[in-house]
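S.K.: Same order as they appear, the protein sequences are chains Y and W. When you line the first sequence up against the working numbering, it's residues 1 to 220, in that order. When you line the second sequence up against the working numbering, it's residues 1 to 220, in that order.
Since the hints were derived computationally from the structure, they do not count as laboratory data. Note that this is a predicted model, so its numbers are computed, not measured. Backbone N, C-alpha and C define an ideal beta-carbon position, used for all residues, glycine too. Take the hints with a grain of salt, since some may be wrong.
Which chain Y residues face chain W? A few, computed with CB under 8 angstroms, are given here [stated by the list, open to error]: (1) 37; (2) 67; (3) 68; (4) 76; (5) 122; (6) 141; (7) 145; (8) 149; (9) 165; (10) 168; (11) 170; (12) 172; (13) 176.
2 protein chains.
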Amino acid sequence: MKIRLAQSAMQKYDIKAEQNARLLAKSGVFAVDVMGSPGAGKTEILERTVEAMVQDMTVGVIEGDICTERDADRVRASGAQAVQINTEGACHLDAHMVGEVLENMTLGELDLLFIENVGNLICPTRFRSGAAERAIVLSLPEGTDKPEKYPSMFRSCAVALVNKIDLIDVLPVDLAELTLEIRRVNPHMRIWPVCARTAQGMEGWYEWLREGVRRSAAGR
Amino acid sequence: MKIRLAQSAMQKYDIKAEQNARLLAKSGVFAVDVMGSPGAGKTEILERTVEAMVQDMTVGVIEGDICTERDADRVRASGAQAVQINTEGACHLDAHMVGEVLENMTLGELDLLFIENVGNLICPTRFRSGAAERAIVLSLPEGTDKPEKYPSMFRSCAVALVNKIDLIDVLPVDLAELTLEIRRVNPHMRIWPVCARTAQGMEGWYEWLREGVRRSAAGR
Numbered sequence: 001m002k003i004r005l006a007q008s009a010m011q012k013y014d015i016k017a018e019q020n021a022r023l024l025a026k027s028g029v030f031a032v033d034v035m036g037s038p039g040a041g042k043t044e045i046l047e048r049t050v051e052a053m054v055q056d057m058t059v060g061v062i063e064g065d066i067c068t069e070r071d072a073d074r075v076r077a078s079g080a081q082a083v084q085i086n087t088e089g090a091c092h093l094d095a096h097m098v099g100e101v102l103e104n105m106t107l108g109e110l111d112l113l114f115i116e117n118v119g120n121l122i123c124p125t126r127f128r129s130g131a132a133e134r135a136i137v138l139s140l141p142e143g144t145d146k147p148e149k150y151p152s153m154f155r156s157c158a159v160a161l162v163n164k165i166d167l168i169d170v171l172p173v174d175l176a177e178l179t180l181e182i183r184r185v186n187p188h189m190r191i192w193p194v195c196a197r198t199a200q201g202m203e204g205w206y207e208w209l210r211e212g213v214r215r216s217a218a219g220r
Numbered sequence: 001m002k003i004r005l006a007q008s009a010m011q012k013y014d015i016k017a018e019q020n021a022r023l024l025a026k027s028g029v030f031a032v033d034v035m036g037s038p039g040a041g042k043t044e045i046l047e048r049t050v051e052a053m054v055q056d057m058t059v060g061v062i063e064g065d066i067c068t069e070r071d072a073d074r075v076r077a078s079g080a081q082a083v084q085i086n087t088e089g090a091c092h093l094d095a096h097m098v099g100e101v102l103e104n105m106t107l108g109e110l111d112l113l114f115i116e117n118v119g120n121l122i123c124p125t126r127f128r129s130g131a132a133e134r135a136i137v138l139s140l141p142e143g144t145d146k147p148e149k150y151p152s153m154f155r156s157c158a159v160a161l162v163n164k165i166d167l168i169d170v171l172p173v174d175l176a177e178l179t180l181e182i183r184r185v186n187p188h189m190r191i192w193p194v195c196a197r198t199a200q201g202m203e204g205w206y207e208w209l210r211e212g213v214r215r216s217a218a219g220r
């Protein structure tokens with residue numbers, strides 16, 4: 001009984017995620033979930049990315065956090081249209097929270113939309129937002145064992161940005177080993193070692209985003 | 001109706017946590033929850049701590065993880081009696097999971113018990129395990145905004161270990177600012193900047209643990 005109840009609750013989220021996905025597709029917006037641990041550098045990745053992408057397109061960001069407006073302020077300063085969702089204790093965004101924001105955004109003006117989730121490698125996994133793709137930001141100081149410990153998260157993402165690569169010489173973390181550990185749970189993951197602070201290594205990610213934007217615009 | 005159901009479910013957890021607390025007190029075991037982000041260095045903190053404490057006492061560790069036995073293996077190698085709980089998808093330990101393990105441990109032999117939670121700054125907050133104290137491990141690379149973003153977690157802990165302090169010269173993170181941010185949400189927090197890799201700065205934490213062990217043994 002309990003399980004049936006939980007499943008029907010999850011179905012409601014999935015149905016809403018599907019509605020969000022259709023709305024985004026119809027509007028020709030390429031939407032990407034951005035997930036990762038607290039402090040992995042998700043917002044800093046988005047700051048650099050927005051600065052690079054706004055040269056050619058209009059970028060929106062939905063920022064999920066338990067509380068504070070800090071991250072929305074940061075990406076807004078980079079040139080994005082940003083909306084903050086305060087989850088008020090909830091450990092993840094869900095399709096209903098995201099849907100409410102989408103309804104109040106002028107989607108027709110957007111080319112690219114990032115949905116930055118609450119810093120958490122577990123709970124956000126199960127809740128689809130409706131975004132076409134999912135990216136995980138992990139950082140070198142987190143070590144090499146995260147893919148094996150949080151496999152659902154790593155399997156649910158198409159691309160990974162390994163951030164804080166500038167610390168490679170001072171950390172006891174082997175990038176080749178980390179890459180291997182990621183591929184062990186998700187053999188198809190595209191992986192870019194980057195430094196969000198200096199934008200080093202981010203060109204591959206930008207190109208992947210541009211491709212997605214072109215596809216979404218064509219399907220409008 | 002929904003809220004009443006949720007409250008009664010939480011009450012069951014709180015009752016179990018209280019039972020665990022009484023069992024630990026009766027056995028004279030000082031138990032400490034260890035919480036923090038994925039990759040903050042919780043297990044490495046415990047490795048160093050176990051190595052230092054097992055000189056004078058018997059130490060147990062309950063390791064919570066979504067999956068894998070990695071962390072239990074690591075602290076076992078440091079000299080602790082270690083039990084791994086695989087939460088099978090759950091984003092936190094709860095008092096029932098912990099209670100089941102406690103029943104199967106020889107608590108009379110233990111002086112100190114660590115309960116390492118799943119790497120998560122949100123969900124573990126609400127679920128008391130029955131431990132007498134809570135410690136948070138955060139790491140310098142996570143930046144200074146985590147206390148304001150995850151205030152419940154920082155308020156629920158008595159002590160904080162700021163790990164990876166060896167990176168202070170290469171990170172754009174100000175330790176004084178981080179300390180201020182912690183004290184803003186929890187003015188009474190005891191804070192130790194440490195490097196778990198080299199055990200630098202950990203003496204204050206060890207002394208705090210020894211005091212707790214003495215109090216717990218006296219109350220037996």
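S.K.: For each hint, tell me whether it holds in the structure or not.
M.R.: Structure-based check of all given hints:
no. : hint : in the structure
1   : 37   : 5 angstroms, holds
2   : 67   : 7 angstroms, holds
3   : 68   : 6 angstroms, holds
4   : 76   : 16 angstroms, violated
5   : 122  : 4 angstroms, holds
6   : 141  : 4 angstroms, holds
7   : 145  : 6 angstroms, holds
8   : 149  : 6 angstroms, holds
9   : 165  : 12 angstroms, violated
10  : 168  : 11 angstroms, violated
11  : 170  : 6 angstroms, holds
12  : 172  : 7 angstroms, holds
13  : 176  : 18 angstroms, violated
Hint check: violations occur at hints 4, 9, 10 and 13; the rest are consistent with the structure.
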